[in-house]
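Number of protein chains: 4
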Amino acid sequence: MEGLLINSIKKFFEKDRFANSLGIKLVRVEPGYAETKMEIAERHLNAINIVQGGAIFTLADFAFAAASNADGKVTVGINANISYFKASKGKVLIAKAREVSGSKKIANYNVDVFDENNDLTAQLSLTGYVKEEKIDFNK
Amino acid sequence: MEGLLINSIKKFFEKDRFANSLGIKLVRVEPGYAETKMEIAERHLNAINIVQGGAIFTLADFAFAAASNADGKVTVGINANISYFKASKGKVLIAKAREVSGSKKIANYNVDVFDENNDLTAQLSLTGYVKEEKIDFNK
Amino acid sequence: MEGLLINSIKKFFEKDRFANSLGIKLVRVEPGYAETKMEIAERHLNAINIVQGGAIFTLADFAFAAASNADGKVTVGINANISYFKASKGKVLIAKAREVSGSKKIANYNVDVFDENNDLTAQLSLTGYVKEEKIDFNK
Amino acid sequence: MEGLLINSIKKFFEKDRFANSLGIKLVRVEPGYAETKMEIAERHLNAINIVQGGAIFTLADFAFAAASNADGKVTVGINANISYFKASKGKVLIAKAREVSGSKKIANYNVDVFDENNDLTAQLSLTGYVKEEKIDFNK
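Chains as they are written, first to last, in our numbering: chain A, 1 to 139; chain B, 1 to 139; chain C, 1 to 139; chain D, 1 to 139.
Hint data in this document are derived by calculation from the structure and do not stem from the laboratory. All C-beta atoms, glycine included, are put in the ideal place defined by N, C-alpha and C. Treat each hint with caution, since some may be false.
Have a look at the derived ranges for each label pair, beta carbon to beta carbon [as the list claims (entries may be wrong)]:
#1 C/S103 with A/L4: 46 to 56 Å
#2 D/G3 with C/S8: 47 to 57 Å
#3 D/K131 with C/E39: 24 to 34 Å
Here are some of the chain C residues that sit facing chain A, going by a computed Cβ distance under 10 Å [said to hold, decoys possible]:
#4 L4
#5 K73
#6 V74
#7 N79
#8 N81
#9 N108
#10 N110
#11 Q123
#12 Y129
Chain A with its partners taken away, still in its complex shape:
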């Protein structure tokens, strides 16, 4: 995919105010694949001082959203399943979303979440519904 379009896609997803407000960055995106990154800060912790499950989920869900919408067809999540494997170590979390199967109306993604040691800390499988609406990335 050419760089100009990739830049437009990235710009579009910067409009995700929720991901933005959590400090999540879209590192890489193309149709069917995306990576996101979050530097862990105090504001991501829960009452027992580990990264809140919702922060990990959001990091992964944003990677899924970018990867599944990058072809310009609006895809909305209808189901997501997350398994947490271990408490994350270090100061950064990275999520990698990859399409495992897709039909005209349904898209299936897996997302792996790694910590600073490159240990797999969580894994998600997500199901998206592909709508008729299109996204114009150049607007």
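With the hints as your guide, set chains B, C and D onto chain A.
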């Protein structure tokens, strides 16, 4: 449960800096049950202008965390499954977490998420692992 | 719904040779709701002598299939999540499937599985995709 | 792992009467990995003439059970999530279960299900709870 202890439990969960920073309030809590509430603002929206899935997930996950830890035994989420039913209407979301089954080591919860019209917009089932560690709510 | 149609629907689902071969009966069915029943026998047990997870899953999945197809539109499962709560007691298992939400293309169901003591032994949430195809129950 | 022990493990899982009665074979097993195989017959079909979801689930669940119990510690499934990608083609289905993460008490597995064309038709993630009980494969 007496009011003093409930207040200590609420105070403890205010230390969830992630939920806090999203504007999520713990409205009600007792062992096995909790309600959380979020006033929807611009910062909760994604790039296609609906509430980000991660915001809905966090609202529900926080209700689960409060309900499942309220007996003072540390319970950590090991799996969560979320289904999104419809885009939410109005300015507020409410999550209600309820224990459906529990053994010594495993706790199972369902969470319903309602919008301002009291429509069910999402539903989660969560599995928690009960650790040996205890929480001292009076510290 | 009138009895004649209900009978046609039941007859149609008797063509589920898999459910049939496991001894699963469709006890009740209408659009959006169904109950199935299985008398537990030696052939449903696994190597550690409890009911195999796949037998419980099939009982529930068949209830979902009947309830979600009973309006005559072909609905296929795209995702299912099952949580097992406790080993079942007694000689019979009953599954009750109920629609929790539905749109034109997506149907969401919950299924509760009860044992002979009426204890909840497992719970599922299932997502179905509604196809254009129709079922003619009178054929 | 030496052949003698592998043979004892296989023999043990032949006691899964449910998998057996469906014609499911345990093709390969070692701690953390297993493959199962099912030749599709009329008895595996549902009312709309495709392989019943419960048959696919059982094939995968049996691979998980074999792989996760092969170290001799009883592991029971507490949660499973299945996504169906496409109707299977051909006369055989193969499931491959692999451990993705494990702690002392919790085991996480992924299972891929392939059809005769080697197309991925379904995928599962499963969570198991490791009990204190041991299995004696030589009994």
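- Broken hints, numbered, in rising order? Those not satisfied are hints 1, 4, 5, 6, 10, 11.
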